[in-house]
Amino acid sequence: MKTSQVNSVSPPSAGRVDIGHKWAVPTLSILSVITLLAAASFGAANISFSDVINVVLHNTFGTAMFGMTEVSGIAERIVMELRFPRILLAFIAGAGLSVAGSVLQTVTRNPLADPYLFGISSGASFGAVLVITLFSGSGLFAESSSGLFASSSGGSGSGLFELLGWISLPLGAFLGAGVSVLMVLTLCGRNMSSQIERMLLSGVAISFMFGALTSLLLYFSSPQAAASVLFWSLGSFAKASWEGLLFPAVVVCAATGIILLFKRQIMAMRAGDETAHTLGINVSRLRLQMLLLCSLITAILVANCGGIGFVGLMIPHTVRMLFPGRFPLITTALVGGLFMVWIDVLARTMLSSQELPVGIITAVIGSIFFLFILGSRR
Amino acid sequence: MKLWGKEVTTLEQMSRDKVSGDKVSGGENLSADNGYALTVSDLSWHADDRAILSDISFSLAKGEMLGIIGPNGAGKSSLLRCLYRYIKPDNGTISLFGHNTSYFSAKEFARQVAVVLQDTPHHFELTTEQLVAIGLTPHKGPFDLTTSSDRRLVADALEKVGLTHKAGQIYEHLSGGEKQRALIARAIVQQPKLLILDEPTNHLDIRYQIQIMELLRAIGISVITSIHDLNLASAMCDQLLLLDDGRCVAHGTPKSVLTEQRISEVFDVCCSTQPHPQHGNPQISYFYGYSYGDSTHDKSANDEAAHDETNHDENAHGLKALGQNSLGQNSLGKKAFGQNSLDKTDFEENSLDRRHWSSMERHKQDED
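Protein chains in written order, with my numbering: chain A, 1 to 378; chain B, 1 to 368.
None of these hints come from the bench; they were simulated from the model.
Remember, it's a predicted structure, so these values are computed and weren't measured experimentally.
Keep in mind that the hints are not guaranteed to be accurate.
To be verified - List time: in silico EDC-like cross-link candidates among lysine to aspartate or glutamate, alpha-carbon distance up to 16 Å: (1) K179(B) <-> D144(B); (2) K107(B) <-> E243(A); (3) K263(A) <-> D144(B); (4) K179(B) <-> E199(B); (5) K88(B) <-> E355(A); (6) K140(B) <-> D150(B).
Unchecked claim - Among the chain B residues that face chain A by a calculated CB cut under 10 Å, a handful are: (7) P71; (8) R85; (9) L126; (10) I196; (11) E199; (12) V266; (13) V269; (14) C271.
The C-beta atom is built at its ideal place from N, Cα and C for all residues, glycine as well.
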């Protein structure tokens, strides 16, 4: 009798929630593949969607299929070496920032938490700018700072130097982010009841402090470093290359994987610190671990494509509105990635002569979204 | 009510099943418990140089329900927090089923003890079913998926508390009583051997208060709950622990704890107790009419009134409640009335009463 009752009652109510969610991941995955191809047909050079497909087929199977006309070598190089890495980087960045935002909002139970608001981005920017100013004298970053919107660096300088430059920039960004996280954590205190408010406020304070320090560095540094800060504060995917993709991809995927393992605990954190404690969760430790993971994601992304704000705020909220009550991490990641790719397409095509930094577009959309949330929360 | 009654009976069957299941699974490492679910000895805790709990000792037999009563600020919540290890006491030992609580890892402890707290945070966008499923957390490793038996556990718990039809609804949109029952269902899913609740009947109307308490009894495990309503505590709890200013004033059956003398001393109110017609435990009737005031004028009025009073032992504790004889002898409408006074008062006095009541309420709010 018991089981029959359960069976008759629970499927409709449970099913209503599940169906939407069940189809979300496959649908979004298919959309992502289409987006990857479609987004590659936008840009300064006129390359059509069929050309893109042709290039992909040519590269995967070695021949043009169905009697399609052979695409020119230049178009193929543009698609394969410029556009695909860029689209993938945008996708990874969007996914990573959305995941980080989603986790931060959950573990702090603050709907307005996002990596940008926590001072992680400004800390990472400071770390990166510090590395640039310190090494710009040695000529190490002459190229990367002047060639902001060029895709691949030439090849001058020794390999060791290049490796050092390649590794020290993300490292600097990560250390900056780590320092800002530790400062926020020290400032937020142990008192559970006021911890979250203090966390947000100290995040804002740390943000301003690192912003000021970055400005100070810029004031005393070369024009090249000053030009590069625009990149760090507004964000761009122009620097994307296949080699540069590896590190962010690995970090974002690994961190998302680890977060998925803690999904249950993160879910339980929503019920409040004290309740989470009674569910066998070491609340402060989990929160610290998640903050560090999020700062790792953010730092690696800031190091590769600058500080892109508001994505980590908007996407998790939108997804949560669509799938209330869940912690749909994969869906959030996919939606974030898709959003970012199309924002980047917008950035590339909005002005005919030049491209806009993506950060400007996300900030415009994000600030409106921010106000919308504030309005609807009351 | 009928529906609820039906649910309770199925519930009892289920809880019996569950208890027998527990015996099979939990028997191996719980041999040293002497039949006690919890033993607390010499527990003390202070915060900011102020003693919150001092020298509290008690024990709870398995399967019994302990109600923790006492005035606001007596240390009820702090005591519970010590019990579920949220705060670390300065002194004393707490043993759970024969083991010191520090013996358990966080996860193991959560499998033994489930806690239902008063307040849940806002923006809690979970469906009832998902909230209840959170109770699985201490039973799951990082790679464990939610199995069909887990889902059955959740469905059973929802059925136990009578919320199956609300499974898909957003928790925030439930009524107060339903929220509380959902939280209890979450605790049931946690499959604990001891359930701790912090004022589960707060803000609920009387029907839900009784419903929640009967539900707790029907689960069939040891329960510790703090509770404000003394009559409800008297009716529902096997044991009561009366706290006052961080000290254990009395511990025992409702009959032995809830005496008129003790209630007046601890709660500062006048009352009489008689056996409840149904369950025989003390039924408390409070007397009304306490003049609260900080001005000297009030004080003199009260003194005057107290002077005229008939002999009442309870009033020795600074009480200003008056017996029925003293009606009309107060100045300035600072009127206190006894049991029969309402019949006697005319319209004007009634309006004064109302003013008096509102000032009393304000006073209470200030205190809170």
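Do the hints match the structure? See the list:
Restraint check: the Cα-Cα separation between K179(B) and D144(B) comes to about 28 Å, which exceeds 16 Å; the hinted pair is violated. Among the hinted pairs, K107(B) with E243(A) is inconsistent with the structure: their alpha-carbon atoms are about 43 Å apart, more than 16 Å. Among the hinted pairs, K263(A) with D144(B) is consistent with the structure: their alpha-carbon atoms are about 11 Å apart, no more than 16 Å. For the hint linking K179(B) to E199(B), the alpha-carbon distance of about 13 Å falls within 16 Å, and the restraint holds.
A threshold of 16 Å between alpha carbons decides the hint, and for K88(B) with E355(A) the separation of about 59 Å lies outside it, so the pair is violated. Only pairs whose Cα atoms come within 16 Å are accepted, and K140(B) paired with D150(B) is accepted, the gap being roughly 10 Å. The restraint placing P71(B) at the interface with chain A is violated, with a minimum CB-CB distance near 23 Å, outside the 10 Å limit. The beta carbon of R85(B) comes within 8 Å of a beta carbon in chain A, closer than 10 Å, and the hint placing it at the interface holds.
A distance limit of 10 Å between C-beta atoms decides the matter here; for L126(B) the minimum to chain A is near 4 Å, and the interface restraint holds. With its C-beta approaching chain A no nearer than about 8 Å, I196(B) sits inside the 10 Å limit, and its interface hint holds. Checking E199(B) against chain A by beta carbon gives a least distance of about 14 Å; that is not within 10 Å, so the hint is violated. At about 27 Å, the closest approach between the beta carbon of V266(B) and any beta carbon in chain A exceeds 10 Å, and the interface hint on this residue is violated.
Of the supplied interface hints, the one on V269(B) is violated, with its beta-carbon coming no nearer than about 31 Å to a beta-carbon of chain A, more than 10 Å. Given hint, C271(B) at the interface with chain A, is violated; its Cβ is 34 Å from that chain's nearest Cβ, farther than 10 Å.
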